[in-house]
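Please model the complete structure; the sequences and the hints are all you need to start from.
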Amino acid sequence: MIPGVDGFMYPNEVELQWSILIVLYPYITGLVAGAFILASLERVFKVEEVKPTYRLALLTALAFLLVAPLPLQLHLGHPERSLEMYLTPHTSSAMAMFGFVYLWYLMVVLLVEIWLEYRADIVRMAQTSSGIRRFVYKLLTLGSENVSPAARRIDDKVGYTVTVIGIPSAFLLHGYVGFIFGSVKANPWWSSPLMPIVFLFSAMVSGIAAVLVLYMAAMKVKKMAIDMRCVDTIAKYLFYTFIIDFTLEMLDLVHRTYEADESFRSLDFMVHTRLWGSHVILQIFLGTLAPLAILAATQFWKFREAVRRGLYLSAALLTLVGIFAMRWNVVIGGQLFSKSFLGYTSYKVDFVTREGLVPAIFLMLLPFIIFVVLVKLLPPWPERETAGAD
Amino acid sequence: MDISRRDLFGIGGKLLVLASVGATLEQITGAAPPSDAYKMADHWWGMLIDIDKCIGCGNCVRACSKENNVPEGYFRTWVERYQVEEGKQPRVDSPKGAIDGFPPNTRPDLKAFFVPKLCNHCANSPCVQVCPVGATFVSPDGVVLVDKSYCLGCRYCVQACPYGCRYLHPETNTVDKCTLCYHRITQGLTTACCENCPTGARQLVDFKNPKDPVHEFLRHNKVQVLKPYMATEAKVYYKDLDGSVR
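Residue numbers (our numbering), protein chains in the order written: chain A, 2 to 391; chain B, 227 to 472.
Rather than coming from a laboratory, the hints here were simulated on the basis of the structure. Incorrect hints may have been included.
[Stated by the list, open to error] When the alpha-carbon atoms are kept at most 25 Å apart in a straight line, the in silico BS3-like pairs for lysine-lysine are as follows:
1. Lys437(B) - Lys453(B)
2. Lys314(B) - Lys465(B)
3. Lys465(B) - Lys349(A)
4. Lys279(B) - Lys186(A)
5. Lys279(B) - Lys465(B)
6. Lys158(A) - Lys139(A)
These figures come from a predicted structure and were not determined experimentally.
Here is the structure:
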């Protein structure tokens with residue numbers, strides 16, 4: 002008997018190949034895509050209520066996007082060769098093409114949109130600050146210091162166009178992550194045409210929840226008033242998106258159960274044993290049904306502001322845990338059963354190894370550190386409010 | 227010049243000895259044939275496995291491990307033992323890939339047989355499809371190989387292989403797998419596993435060689451590939467494969 006193994010695994014399957022770092026990767030890219038889509042609500046669809054979170058959402062997306070490739074790099078057997086994916090890509094590989102989707106999203110969409118949005122502020126800060134800050138802002142102007150109304154109108158038009166391109170790009174970014182898993186025909190837990198769309202909606206759910214939490218936390222830190230119209234609207238969007246996400250996931254579950262192909266018995270057993278805690282308890286009950294119930298309650302009943310804030314925060318935090326559990330169950334769950342459907346292995350997270358818990362926690366904290374730096378560098382709040390708070 | 231019958235026997239005998247010594251030397255030393263002797267385009271390699279002939283001795287696993295320096299705990303080839311009870315899930319074991327053979331069968335009343343496994347060298351290989359840099363590829367003579375100087379170690383191919391034939395080599399940190407003993411077959415030799423199989427259960431075959439016995443074999447026997455629904459165009463054919471085998 003091999004420790005941790007029940008039944009029969011092909012001998013090379015006993016050891017898991019994709020670790021907790023690969024769980025982080027779809028989780029982080031999901032937060033990026035979701036945050037950007039929330040930001041685009043204001044810009045393209047003119048949802049004025051969410052305006053206070055527009056810049057915050059963009060910075061959130063950037064902070065997470067900068068970290069997204071790091072877990073992958075740390076996971077590679079030869080990270081020094083990773084650039085080969087761009088230099089000599091294998092065009093039939095979903096993973097290789099994702100590199101280009103990522104670059105497109107980072108360089109063409111997000112950085113351009115943030116720069117255009119902040120350009121006038123950057124120019125102003127370059128003129129009013131001094132020392133190293135002045136130098137940094139000077140660099141960020143990229144030599145373009147014309148902030149006349151005509152120039153701002155052009156910024157706005159180009160920014161709008163970039164956001165319009167950005168929405169399908171954000172869809173592509175995370176839909177494509179789903180495709181990386183969904184297109185593996187050897188693995189019935191992953192192989193599903195629903196995978197890209199499930200990933201996309203779960204990304205939107207997690208990104209919206211993350212912005213909601215960050216907005217409320219930032220207001221608390223800055224001692225600024227939370228705009229209740231804003232959080233009410235975001236919570237409403239979170240609720241609606243979550244319903245679609247949950248419906249899609251249940252559709253996948255019902256479909257698998259009803260079809261009950263040769264893999265079903267094995268997968269069903271896995272969900273009832275090794276994945277019970279992370280899938281049924283954490284993902285479905287605590288991470289989906291509980292926040293959905295809370296959000297539904299806020300839609301049907303009128304609560305006081307303080308209560309609403311508490312409920313929104315609880316729902317958003319539970320959502321973030323639930324979506325993390327979902328990524329875990331996809332990535333780790335997909336490797337716990339044998340492709341012979343005759344056995345199961347187990348996964349124990351290492352602690353301080355290269356793919357262990359410590360680097361994973363660090364990588365999960367890193368976007369928040371970057372976020373704080375970005376907020377310092379590019380304040381997302383109007384000057385008067387910031388000044389008033391200071 | 228007169229050639230007597232004695233001379234003729236003498237010359238013939240010498241030629242016979244030389245030929246046999248030549249062949250043996252080549253097999254023993256693995257000496258490279260002349261550069262134009264092996265043309266990749268003239269071959270399309272695969273394997274035939276006769277389930278009924280396999281006795282589960284593990285010779286093939288040991289030979290492969292030694293020939294290719296396979297790290298301990300990982301397998302380029304392994305043997306599974308199936309014990310099938312009517313109407314139930316099969317019981318399967320493969321202790322250490324059967325490198326030391328198998329313990330005695332505890333259920334002699336059940337249908338039991340051995341199934342040697344290795345890379346199926348699929349012509350439509352999912353592992354090749356997903357490699358982000360093309361480090362794994364199908365050679366022109368039909369062997370799925372990994373260029374370890376190029377592999378990133380992302381292990382997407384390990385996930386994509388339906389048969390569990392790949393692993394990350396713990397020393398090179400690149401993906402490793404059966405090469406069908408490419409260093410041997412391009413020298414006119416057979417694979418280490420085939421050479422060491424005492425019953426001839428494993429046979430290296432060349433589908434492009436019209437004289438290869440595989441053509442006669444396929445004409446007269448019922449064969450199957452593993453997981454045919456994966457449509458990978460696997461080139462390892464099994465004779466009399468039981469439906470329970472995964």
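Against the structure, the hints come out as follows:
no.	hint	verdict
1	Lys437(B) - Lys453(B)	29 Å, violated
2	Lys314(B) - Lys465(B)	23 Å, holds
3	Lys465(B) - Lys349(A)	40 Å, violated
4	Lys279(B) - Lys186(A)	32 Å, violated
5	Lys279(B) - Lys465(B)	10 Å, holds
6	Lys158(A) - Lys139(A)	24 Å, holds
Hint compliance for this structure: hints 1, 3 and 4 are broken, all remaining hints hold.
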